[in-house]
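Q: Single-letter residue listing:
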Amino acid sequence: MTATTSNGYRPRPGNHTVVAIVEDKPGVLMRVASLFRRRGFNIESLTVGHSESPGVSRMTIVVDGESAPIEQVEKQLYKLIDVIKVSDLSNEDMIARELCLLKVRCNNVNRHELLDIASVFRADVIDIATNSIILQVVGDDDKINGLVKMCEPYGIRELSRTGRVAMVRGPKTTTVHEPEPEKIARQHSTQGRRVEGVELPFSSD
Amino acid sequence: MAWQAPAGPYRGKRRVQIHWLQEGLCPMTRMTGAQILLECLQREGVDTIFGYPGGVVLPLYDTLPAYPGIRHVLVRHEQGAAHMADGYARATGRPGVCLGTSGPGATNLVTGIATSYLDSTPVLAITGNVSRALLGKDGFQEADITAITMPITKHNYLVMRPENIAMTVREAVHIATTGRPGPVLIDIPKDVFQEEAEFDWPEQINLRGYKPTTEGHPGMIRRAAELIDQAKKPIIIAGHGVIWGNASDELRELVEKADIPVITTFLGIGAFPEEHPLSYGWLGMHGMYYANMAADTADVVIGIGMRFDDRAMGRFKDFNPTAKIIHIDIDPAEIGKNFATAVPIVGDVKRVLPALAGCVKEQKRENWRKWIDVQREEHPSLHIRESRRMLPQYVIRTLYEESRGNATIVTGVGQHQMWAGQHYFYQRPRQLISSGGLGTMGFELPGAIGAQVALPGKEVWAICGDGGFQMTMQELAVVVEERLPIKIAILNNGYLGMIRQWQQLFYEKNFSSCAMTQPDFCKIAEAYGIKAIRVETKAEVEPAIAEARAYPGPVLIDFHVDQEENVWPMVPAGAALSETIEAPAEEMMR
Numbered sequence: 003m004t005a006t007t008s009n010g011y012r013p014r015p016g017n018h019t020v021v022a023i024v025e026d027k028p029g030v031l032m033r034v035a036s037l038f039r040r041r042g043f044n045i046e047s048l049t050v051g052h053s054e055s056p057g058v059s060r061m062t063i064v065v066d067g068e069s070a071p072i073e074q075v076e077k078q079l080y081k082l083i084d085v086i087k088v089s090d091l092s093n094e095d096m097i098a099r100e101l102c103l104l105k106v107r108c109n110n111v112n113r114h115e116l117l118d119i120a121s122v123f124r125a126d127v128i129d130i131a132t133n134s135i136i137l138q139v140v141g142d143d144d145k146i147n148g149l150v151k152m153c154e155p156y157g158i159r160e161l162s163r164t165g166r167v168a169m170v171r172g173p174k175t176t177t178v179h180e181p182e183p184e185k186i187a188r189q190h191s192t193q194g195r196r197v198e199g200v201e202l203p204f205s206s207d
Numbered sequence: 068m069a070w071q072a073p074a075g076p077y078r079g080k081r082r083v084q085i086h087w088l089q090e091g092l093c094p095m096t097r098m099t100g101a102q103i104l105l106e107c108l109q110r111e112g113v114d115t116i117f118g119y120p121g122g123v124v125l126p127l128y129d130t131l132p133a134y135p136g137i138r139h140v141l142v143r144h145e146q147g148a149a150h151m152a153d154g155y156a157r158a159t160g161r162p163g164v165c166l167g168t169s170g171p172g173a174t175n176l177v178t179g180i181a182t183s184y185l186d187s188t189p190v191l192a193i194t195g196n197v198s199r200a201l202l203g204k205d206g207f208q209e210a211d212i213t214a215i216t217m218p219i220t221k222h223n224y225l226v227m228r229p230e231n232i233a234m235t236v237r238e239a240v241h242i243a244t245t246g247r248p249g250p251v252l253i254d255i256p257k258d259v260f261q262e263e264a265e266f267d268w269p270e271q272i273n274l275r276g277y278k279p280t281t282e283g284h285p286g287m288i289r290r291a292a293e294l295i296d297q298a299k300k301p302i303i304i305a306g307h308g309v310i311w312g313n314a315s316d317e318l319r320e321l322v323e324k325a326d327i328p329v330i331t332t333f334l335g336i337g338a339f340p341e342e343h344p345l346s347y348g349w350l351g352m353h354g355m356y357y358a359n360m361a362a363d364t365a366d367v368v369i370g371i372g373m374r375f376d377d378r379a380m381g382r383f384k385d386f387n388p389t390a391k392i393i394h395i396d397i398d399p400a401e402i403g404k405n406f407a408t409a410v411p412i413v414g415d416v417k418r419v420l421p422a423l424a425g426c427v428k429e430q431k432r433e434n435w436r437k438w439i440d441v442q443r444e445e446h447p448s449l450h451i452r453e454s455r456r457m458l459p460q461y462v463i464r465t466l467y468e469e470s471r472g473n474a475t476i477v478t479g480v481g482q483h484q485m486w487a488g489q490h491y492f493y494q495r496p497r498q499l500i501s502s503g504g505l506g507t508m509g510f511e512l513p514g515a516i517g518a519q520v521a522l523p524g525k526e527v528w529a530i531c532g533d534g535g536f537q538m539t540m541q542e543l544a545v546v547v548e549e550r551l552p553i554k555i556a557i558l559n560n561g562y563l564g565m566i567r568q569w570q571q572l573f574y575e576k577n578f579s580s581c582a583m584t585q586p587d588f589c590k591i592a593e594a595y596g597i598k599a600i601r602v603e604t605k606a607e608v609e610p611a612i613a614e615a616r617a618y619p620g621p622v623l624i625d626f627h628v629d630q631e632e633n634v635w636p637m638v639p640a641g642a643a644l645s646e647t648i649e650a651p652a653e654e655m656m657r
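Residue numbers (the working numbering), protein chains in the order written: chain A, 3 to 207; chain B, 68 to 657.
Treat the hints loosely; a few may be bogus.
[Claimed, not checked] Straight-line distance between alpha carbons at most 27 Å, and here's what the computed DSSO-like set of lysine-lysine pairs gives: (1) B/LYS576 to B/LYS525; (2) A/LYS81 to B/LYS204; (3) A/LYS77 to A/LYS27; (4) B/LYS300 to B/LYS384; (5) B/LYS404 to A/LYS87; (6) B/LYS204 to A/LYS27.
Just so you know, these hints were derived from the structure itself, not from any lab.
All chains should be modelled from the sequences, with the hints used to inform the complete structure.
A: So, in structure tokens, the structure goes:
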């Protein structure tokens with residue numbers, strides 16, 4: 003077996019987990035998706051949901067790092083106005099999980115085998131019918147792939163994965179704070195918007 | 068009915084710019100969305116809107132006459148409006164504003180917005196959209212313009228409530244004009260223009276996802292200074308960012324102290340005076356031979372406010388493999404995008420350059436300069452050969468001499484653009500206005516209109532190709548209507564010249580769809596009421612330019628230049644800078 007990191011997550015070569023904290027505004031998902039498409043970065047999975055602060059969403063994006071240098075991915079994401087913070091968790095001690103629902107064909111004869119497999123993978127049975135069973139499993143890529151592989155001989159009728167969510171171990175966080183709003187006039191004076199020899203004053207003067 | 072300012076004393080608690088409606092406007096006034104938009108634009112210092120009306124922006128046009136401080140220039144095609152706003156912005160450094168209706172009006176703006184985006188110019192594009200109830204229902208003249216323009220704007224907005232207009236305009240102008248500038252689009256549904264809301268001028272904005280870095284990292288600046296001090300053959304490549312950062316003087320101080328030769332990118336022309344002894348022209352596909360060689364020979368390349376674009380640098384993997392690159396740019400995403408950088412400095416050039424100048428040692432690099440001087444003497448890329456034909460280069464050079472190098476030049480895209488870049492010598496920033504990144508043919512006339520509107524009383528020349536001119540020539544009507552004294556020079560060779568050149572050089576002279584039957588441009592100009600001069604021989608060039616300059620109104624000159632002249636030097640597409648080809652001997656004999 004290949005070596006795994008301390009968190010049990012075995013990164014595939016070139017595969018990066020990027021967390022982007024974004025404004026919860028219409029169109030932000032499209033902005034991110036369209037950026038990835040245009041710059042030719044391959045997305046393996048993308049999940050979005052609420053974060054700990056209101057008005058802010060958390061996106062977890064798994065990028066095929068071979069399609070683009072990860073530094074460019076981060077910098078291009080930062081260029082989007084609605085993206086507040088970006089961090090690449092791949093080099094951190096992180097926990098990565100995803101949830102998978104699996105509907106497997108089964109009958110009275112082999113149901114027990116399936117339940118044994120499920121318990122080995124600590125998967126929950128959330129629905130059971132005469133000729134099918136739905137398993138719910140939470141874990142990293144390897145665990146889910148392992149369960150899927152074990153269920154394949156029985157016949158997988160349906161499979162749905164949420165995509166990866168991730169978090170760094172320990173007290174370190176990827177969060178944003180509500181910043182102090184800045185006076186526009188001050189921003190303009192520090193950011194050099196003014197052009198010399200202009201007759202028209204700006205309202206912020 | 069036009070909106071009237073309410074009576075009563077000014078009770079504003081804020082210190083804002085005082086306007087014509089100052090007396091009546093208290094801080095919380097009920098206004099329609101259209102009034103809020105125009106009030107905000109006026110407070111942002113907008114004095115001109117280039118626009119075209121349509122069904123859904125009629126509420127806005129209904130309100131416009133109540134704001135005489137805002138001049139509306141009625142264009143003939145929305146693409147022209149976007150280019151004019153761009154030309155206005157490039158000529159002044161202030162944001163240009165264009166306006167279109169929903170659907171086709173908005174999509175017609177797209178080419179102009181993309182032009183601004185690729186060249187990083189601050190343009191505010193405002194579009195109307197169908198009423199909120201009809202959004203997403205494929206209503207008449209509906210187009211999802213926010214989605215369409217997402218990849219070609221720095222940011223864009225769909226405003227769904229009139230009370231959000233003021234904050235949106237403030238944010239939009241802020242985003243467009245700070246950091247790396249760029250176009251911002253605001254899409255407003257028709258009924259948002261009509262609905263009333265409290266007008267509250269926001270003093271503060273809160274964009275936590277947008278905080279451009281302005282100060283360079285002091286450690287990086289020290290490392291850059293060390294590298295420059297040790298360098299034997301350093302070269303500076305100055306780009307458009309030096310112009311947008313207003314950092315020409317700062318650049319000059321650094322250069323004179325450390326004695327570093329300067330070349331510019333095509334869009335950086337004017338960032339450093341071309342008559343300065345340390346100026347060695349500009350590099351790239353049609354850059355000067357010695358500039359390309361200097362960049363390819365240098366041991367330290369200092370890119371300032373430029374993005375190491377393929378047209379400037381040639382084939383990436385063969386560009387000067389031994390050079391160490393120092394890259395100064397306000398956009399962190401540009402650093403390391405195309406080349407590995409030895410010293411990255413993210414910041415505003417206006418702040419980074421003085422800091423860098425303070426760290427570098429004063430020294431002379433005579434050997435290095437002599438080496439480039441020898442290259443320049445042996446390969447004089449800007450020499451115009453003696454010929455009885457009317458060479459297009461000669462036309463540009465004559466214009467340079469006649470205007471004493473003082474005119475603002477606006478070009479289209481193609482051979483004439485390269486000649487205008489090569490044979491006119493620019494002394495100040497914002498003197499050459501051209502679509503470099505997107506390469507938009509047809510930019511010349513509307514771009515010049517925008518520049519002339521921004522610079523009344525200044526000499527503005529539109530240098531046009533006969534092909535590109537026909538893409539936007541309907542804007543001649545605007546020249547007349549707005550009484551703009553623009554001088555238009557068409558370098559008419561009856562071909563799409565750059566296409567013909569490439570087909571001759573790289574497609575075995577298979578001249579496919581490059582010859583054009585041209586109309587009589589003089590008659591077209593006269594139909595609009597514009598003075599026109601046809602020039603068919605070399606001897607007529609000088610008097611025609613002098614006549615046009617002396618004439619107070621607009622003039623179009625149709626120069627029937629030599630038809631088969633090519634632009635040299637040239638780096639073939641996909642070749643390295645070291646493979647720059649100069650004009651072949653047989654062409655020089657023509």
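Q: Tell me, in ascending order, the numbers of any earlier hints that this structure violates.
A: Per hint list: 1, 2 violated.
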